[in-house]
Amino acid sequence: MSERTPEDVSDSIRYQGKAIDDSEWIPRFLADQETGVLGLVADDDPHLVTQLFVYDAAAGAIFLHGAQAGRAHDLVTTSTQPRASFTTSEQGRYVPADQPVNFTVEYSSVVANGSIDVLSDREEKRRVLELFMEKFAPHLTSGEEYDPIAAESIDRTAVYRLDVETWSGKSGWADADRSDTYDLDAVSDDQ
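Heads up, the sequence shown is in our numbering, so the first residue is 42 and it goes up one at a time.
Hint data in this document are derived by calculation from the structure and do not stem from the laboratory. Keep in mind that the hints are not guaranteed to be accurate.
[Said to hold, decoys possible] BS3-like mimics (lysine-lysine), calculated; alpha carbons at most 30 Å apart, straight line:
#, residue 1, residue 2
1, 176, 211
2, 176, 59
3, 59, 211
[As the list claims (entries may be wrong)] Pair by pair, the computed Cβ-Cβ distance ranges are:
#, residue 1, residue 2, range
4, 192, 229, 44 to 54 Å
5, 146, 87, 15 to 25 Å
6, 65, 168, 15 to 25 Å
7, 190, 229, 36 to 46 Å
8, 207, 93, 20 to 30 Å
9, 194, 230, 37 to 47 Å
10, 147, 168, 32 to 42 Å
11, 224, 76, 17 to 27 Å
This structure is a prediction, so every number in the text was calculated from the model and none was measured. Even for Gly, the Cβ is constructed at its ideal location relative to N, Cα and C.
Construct all of the structure, not just a fragment, from the sequences and the given hints.
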């Protein structure tokens with residue numbers, strides 16, 4: 042495990058039957074997901090942004106990037122101690138039940154909380170942006186299929202570091218051979 046492993050608070054999940062108790066599951070799940078939702082708050086007004094992300098286990102941090110302008114950037118850079126939440130999930134089939142209130146859906150999710158900041162060091166930003174390229178373009182090589190990341194590109198990009206202090210994971214999947222589960226798109230197309 043990493044030097045900076047966040048505190049797992051999955052045991053505080055209301056429905057313990059779906060709580061994750063495997064310490065390696067959350068980092069593995071984060072590594073496999075592509076997008077997540079960053080949550081920030083200003084003056085009791087929530088601001089949510091869906092973004093690509095990378096999780097760096099050695100740093101115990103979730104990294105995101107964007108423009109050096111806009112509401113998220115302003116919320117992070119003008120707050121004295123900015124805090125953030127982040128969530129990512131995957132969804133499976135719908136699972137019917139005898140009563141509509143008991144219908145559910147297969148899913149896995151992680152919620153992470155911690156402090157957030159904008160990186161200022163160019164080489165650290167480069168390192169993180171290269172992590173993005175490794176995750177989202179693993180089949181391409183810098184200097185061959187695309188130009189190395191230019192200093193000007195790094196300088197105009199905001200790279201956010203969410204130092205994860207706590208996280209929790211949930212997962213609930215029906216048996217693979219259960220015959221009454223369904224894909225909503227498939228049944229909607231039939232209507």
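Status of the hints after comparison with the structure:
no. : hint                  : verdict
1   : 176 / 211             : 24 Å, holds
2   : 176 / 59              : 28 Å, holds
3   : 59 / 211              : 5 Å, holds
4   : 192 / 229: 44 to 54 Å : 49 Å, holds
5   : 146 / 87: 15 to 25 Å  : 24 Å, holds
6   : 65 / 168: 15 to 25 Å  : 24 Å, holds
7   : 190 / 229: 36 to 46 Å : 42 Å, holds
8   : 207 / 93: 20 to 30 Å  : 23 Å, holds
9   : 194 / 230: 37 to 47 Å : 42 Å, holds
10  : 147 / 168: 32 to 42 Å : 36 Å, holds
11  : 224 / 76: 17 to 27 Å  : 20 Å, holds
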